[in-house]
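Residue numbers (my numbering), protein chains in the order written: chain A, 232 to 568; chain B, 28 to 336.
For the record, the hints were derived by calculation from the structure and aren't laboratory data. The beta-carbon is built from N, C-alpha and C at its ideal position, and this holds for glycine as well. One or more hints might be untrue.
What the hints assert, rightly or not - Residues on chain B that point at chain A, a partial pick, calculated with CB under 7 Å: (1) Asn164; (2) Ala168; (3) Tyr232; (4) Lys237; (5) Asn254.
Claimed, not checked - Footprint (simulated), chain A over chain B, 3 or more residues, beta carbon under 8 Å: (6) 266 to 274; (7) 324 to 330.
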Amino acid sequence: MALLEVNDLHTHFFTREGVVRAVDGVSFSVERGKTLGIVGESGCGKSVTALSIMGLIPQPPARIVEGSVMFEGRDLVRLPERELEDVRGNEISMIFQDPMTCLNPTLRIGTQITETVRRHQGLSRQDARRRAVELLEQVRIPNAAGRLDDYPHRYSGGMRQRVMIAMALSCTPKLLIADEPTTALDVTVQAQVLDLLEELRREYQMAMIIITHDMGVVAEAADEIVVMYAGQIVEQADVLELFDHPEHPYTEALLGALPQLEGEGIREGRLTAIPGRPPDLIQLPPACRFAPRCRYANRHDACAQGVPELRELRPGHFVRSGHPASERAGARAEVTA
Amino acid sequence: MTKFVVRRLVWTVPVILLVILMTFVMMRLIKGNPFRTSERAIPAEIQQNLERKFKLDRPWYVQYANYVKGVATFDLGPSLVLRNRDVNDIVKEHFPKSLELGALSFLFAFVFGIPLGVLAALRANSPLDYGSMFFSNVGFAVPSFLVATLLIYVFSLKLDVGFPTSGWDSWESKVLPTIALGLGPMAYFARLVRGTMLETLQQDYIRTAKAKGLRWGRVITLHVLRNSLIPVVTAAGPILGFLITGSFVIEQIFAIPGIGRYYVTAVTSRDYSVVMGLTVLLSVIVIFANLIVDILYGILDPRTRDART
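Generate coordinates for the entire structure from the input sequences, incorporating the hints supplied.
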């Protein structure tokens with residue numbers, strides 16, 4: 232049995248303008264000790280998926296209307312809030328995008344770390360403090376014992392994200408959800424933080440869900456990748472398979488937007504952008520959601536008739552498109568032309 | 028912190044000197060004279076003698092210097108109009124009542140306003156929220172003298188639950204004035220707290236606190252409330268000053284022998300020394316209220332501590 236199984240998850244936002252179907256039927260699973268990457272552009276529902284797993288979506292306006300999140304045999308969607316509190320930060324923890332705003336500015340770093348371990352592991356004040364120093368050393372904060380009583384504003388962005396990681400790991404969770412963990416950081420710090428995350432993941436034998444819009448990040452960290460578009464999974468495959476044989480036109484376009492520095496396909500000149508914008512999630516037409524931006528779709532084929540099914544093209548490789556790369560005649564020639 | 032407090036205390040000296048100077052100039056700019064009001068016409072010779080006695084015939088800067096000297100030795104001088112009374116006596120006799128009224132009203136506003144705002148924020152957009160905010164709007168909009176009259180009418184006359192209509196001695200007599208004066212600030216605190224609470228609840232660090240699995244109660248008290256109170260404390264200083272100094276109307280209605288009455292009559296009768304003395308006293312109170320706020324601010328928000336040392 233997988234550690235986490237998300238089944239047909241629907242999270243909708245009930246707003247004055249209408250129902251926003253932010254997550255619209257998402258299913259995936261995460262095996263113990265493995266890393267799943269969720270990729271997609273802003274607003275595709277990847278963060279809402281993560282928050283739905285944690286039970287942290289803002290209610291109201293959002294609500295999980297359908298589906299289940301099975302974690303070690305328990306359905307987190309139906310778990311009472313108090314029991315969910317025991318899971319959060321203990322068995323599943325999460326780190327967020329912007330470390331500058333994710334730490335409470337009026338509490339000492341030490342307090343913010345120790346309150347987690349004291350809450351879940353019932354450590355005494357001294358033991359919790361000792362554990363906090365140990366954690367800060369693990370995430371390589373220099374002079375950890377001395378920095379414990381500092382307030383967050385004395386820490387840099389990279390250091391604050393390390394503190395977030397330390398807090399997330401403090402109770403040795405089985406699953407860590409990292410929502411854009413490096414997006415807000417300096418480019419030079421991004422790689423350090425990613426390496427640190429991967430190193431600690433191995434050490435703690437955690438499973439991880441890493442959410443990003445950066446294909447480069449998942450290429451290094453993930454075992455399996457889920458590509459989301461407009462609230463749905465459009466492609467899902469093993470990391471090597473996905474990078475070598477992307478099937479969905481959207482995935483291809485995402486990879487095309489990635490700068491390449493080596494190999495035969497060195498791109499010259501400008502990166503290719505994806506024209507258009509994602510659809511309005513309130514008024515979704517009964518058609519392929521990517522069709523308006525897809526270079527292969529046309530008004531007369533199946534793309535306009537209904538939302539394509541997520542089908543398994545090859546073992547373990549799922550795609551939701553009427554025009555996957557392997558079914559397109561002369562696709563290569565068209566791309567290079 | 029000590030350095031900060033000492034520096035602020037030293038700064039109060041020039042501020043008080045400036046307050047004295049400004050009051051001094053403004054009082055002299057109003058036409059009129061303490062000894063020649065229409066009811067008490069006195070011969071010119073006597074007036075000159077009086078002016079000499081109170082040193083009003085000297086140049087203004089000498090008067091100013093003399094007055095500052097007096098303040099420095101805690102001597103606010105004699106009243107020019109009320110015979111044989113020193114300003115110090117007036118303050119000693121009447122100020123404690125105004126101080127008590129102001130402090131009680133502030134306490135009332137704080138103790139009831141903040142929980143009301145917290146409840147409204149935690150149950151945002153519920154009937155409880157709408158109800159308490161309607162109550163706050165009314166409390167804020169209705170002037171205190173109207174509230175006072177209504178309170179007297181309902182509780183002293185109609186219901187007769189033991190609250191006297193006037194005076195300031197037993198605890199029963201202090202209830203209605205305290206509510207009348209404190210209702211506006213209470214409504215203000217409630218609205219302010221609701222707003223800052225709702226804003227704080229949206230913060231990323233609150234999501235972090237929940238993601239750590241902390242109990243709801245701890246998230247609210249330690250993470251939300253503490254951060255929400257920072258703007259409230261900022262507003263509390265001036266409000267405390269306002270309540271202690273601005274209770275004139277309420278004192279009139281409830282016939283409380285506070286300092287407010289003396290302040291107003293001193294201005295109309297050009298009793299320079301009383302006006303000056305009370306202005307200095309009230310300035311000192313406002314200055315200290317703000318100093319306390321700044322110290323509390325540093326305790327609540329560590330970021331400001333680094334910024335000012």
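Do the hints match the structure? See the list:
The criterion of a C-beta within 7 Å of any C-beta in chain A is not met by Asn164/B, whose closest approach is roughly 24 Å, and the hint is violated. Annotation: interface hint on Ala168/B violated; nearest CB of chain A at approximately 29 Å, more than 7 Å. With a least beta-carbon distance of about 4 Å to chain A, the hint placing Tyr232/B at the interface is held under the 7 Å criterion. The interface hint given for Lys237/B is met, as the beta carbon of that residue sits about 6 Å from the closest beta carbon of chain A, less than 7 Å.
Interface restraint check: Asn254/B against chain A, minimum CB-CB distance 6 Å, threshold 7 Å, status holds. Interface restraint, the stretch 266 to 274 of chain B with chain A: violated (0 residues with C-beta to C-beta distance below 8 Å; minimum three). Only residues whose beta carbon comes within less than 8 Å of a beta carbon in chain A count, and the stretch 324 to 330 of chain B has 4; three or more means the coverage holds.
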